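A.B. asks: Sequence:
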Amino acid sequence: MLAKLIYVILDGASDGIEYDKTVLDIANTSNLAKLASLSKGGIVYPIEKGIAPESDAATLSMLGYNPKELKIARGVLEALGAGINFEEGDLALRGNFATVRDNEVIDRRVGRSLSDSEAKILIEEVRSNLKDIKGYKYELVHTIGHRCVLVIKKKDRPFASKITNIDPAYVRIGDVTHAMTEPKKEIEFCKPLSEDSLEAAELVNTFFLESKRILSNSEINVKRKISGKLEANAILLRDAGSNIPKVQNFSNKYGFHPICIADMPVELGIARLLGMDYVWSYGLSYKEKAELVIKQLENYDFVFVHLKGADEPGHDGDFNGKLKAIESIDNSFFKPLLENLDLNKTAILVTCDHSTPPELKAHSDSPVPFIFYNPSNKADSLKKFSEKECMKGSFGVIQHGYLLLDKLLKST
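With the first letter of the sequence shown counted as 1, position 300 gets the number 300 in the numbering used here; the numbers rise by one all the way through.
Any given hint could turn out to be false.
[What the hints assert, rightly or not] For lysine-lysine, the following DSS-like pairs were computed, each having C-alpha atoms within a straight-line distance of at most 27 Å: (1) LYS295 to LYS68; (2) LYS308 to LYS49; (3) LYS4 to LYS410.
No wet-lab data here; the hints were simulated from the structure.
In this text, all values refer to a predicted model and were calculated from it rather than measured experimentally.
Sequences and hints are given; from them, build the entire structure.
C.D. replies: Below you can see the structure in the form of structure tokens.
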């Protein structure tokens, strides 16, 4: 058993194995390269080949939980991470403020230009002007940027939640949501996928239309339009859920005393679900996050870190922006981390939750690279942390992300 393990997931940093030159190939990542030279490596499909996963399912999988068996919706995880009092049977959905015209999505993130303060005002306007949804109480909470969470409170019976998404960028197939590489622009209303989910679909559609009406008349959006900015005039909803499944907590599964460090509600929700302690790191610099990791090793033997930065420029098709983000993570996070760690006592796993190639502007089903440093293991002497270099690693190809931790821990 390892003494201590740091597990770093770089959100969307991989482009995949299909491209001649990826961002990771080109990026100047001397600190990750140093770690790679001391590590064993391989590549892993976050869930399985053929699934372009959302971050929630991918992260659960990479922590050792098969998302096809552990059925929990993104909406519920976001509600848990946002601190909403979610009760079994409530209906929870993830929301995006978006720009919509004539029932067509112009930008599903408002060009990433919506400030937290603007979003909070818009949320308050919706809550003030929409007291309930057909008699049902609800909670609408802003999280970060264009993101929010909607929870419709149950009455005398629990909601069934098998409904389609209003957000056309994600399609529900069975119990797993797939990211669409070429999403439709036209909005389709929420549809029930089971007879008992009809009421849930109707309430979601009502909220979408009523909130769209309120947002379209908001002074915030009038000012944004005058200044040439995209209007945040709709809330695209997806990933409905109404239950929290029973799950083996992380400590019992692996024997670690874990803590999660993350910016986003979904990762914090996963930490709560798995019984991890957690720290909300939104607003901290990469250097401050590295310092936080070192600090947490005093009280925990498993530190899980989810780092944003590379995924967003991938979604925006911004190759150079993604390059700069990865280089910043290398220099500002990994450099101080490695300089202040006792590498004789600490193992490090670095990987990605999914690939977000700028060419696609979306998640793909491609496998992602990983490196595993363990002071007692012989290294593969990899030259870099990249898709092609990690393919040379002795761990080879792991077909399912939920097998990764078990395989690595058994190798120690």
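A.B. asks: Now tell me, hint by hint, if it's right for this structure.
C.D. replies: Okay, the hints, checked on the actual structure:
1. LYS295 to LYS68: 35 Å, violated
2. LYS308 to LYS49: Within the cut-off at roughly 24 Å; holds.
3. LYS4 to LYS410: 15 Å, holds
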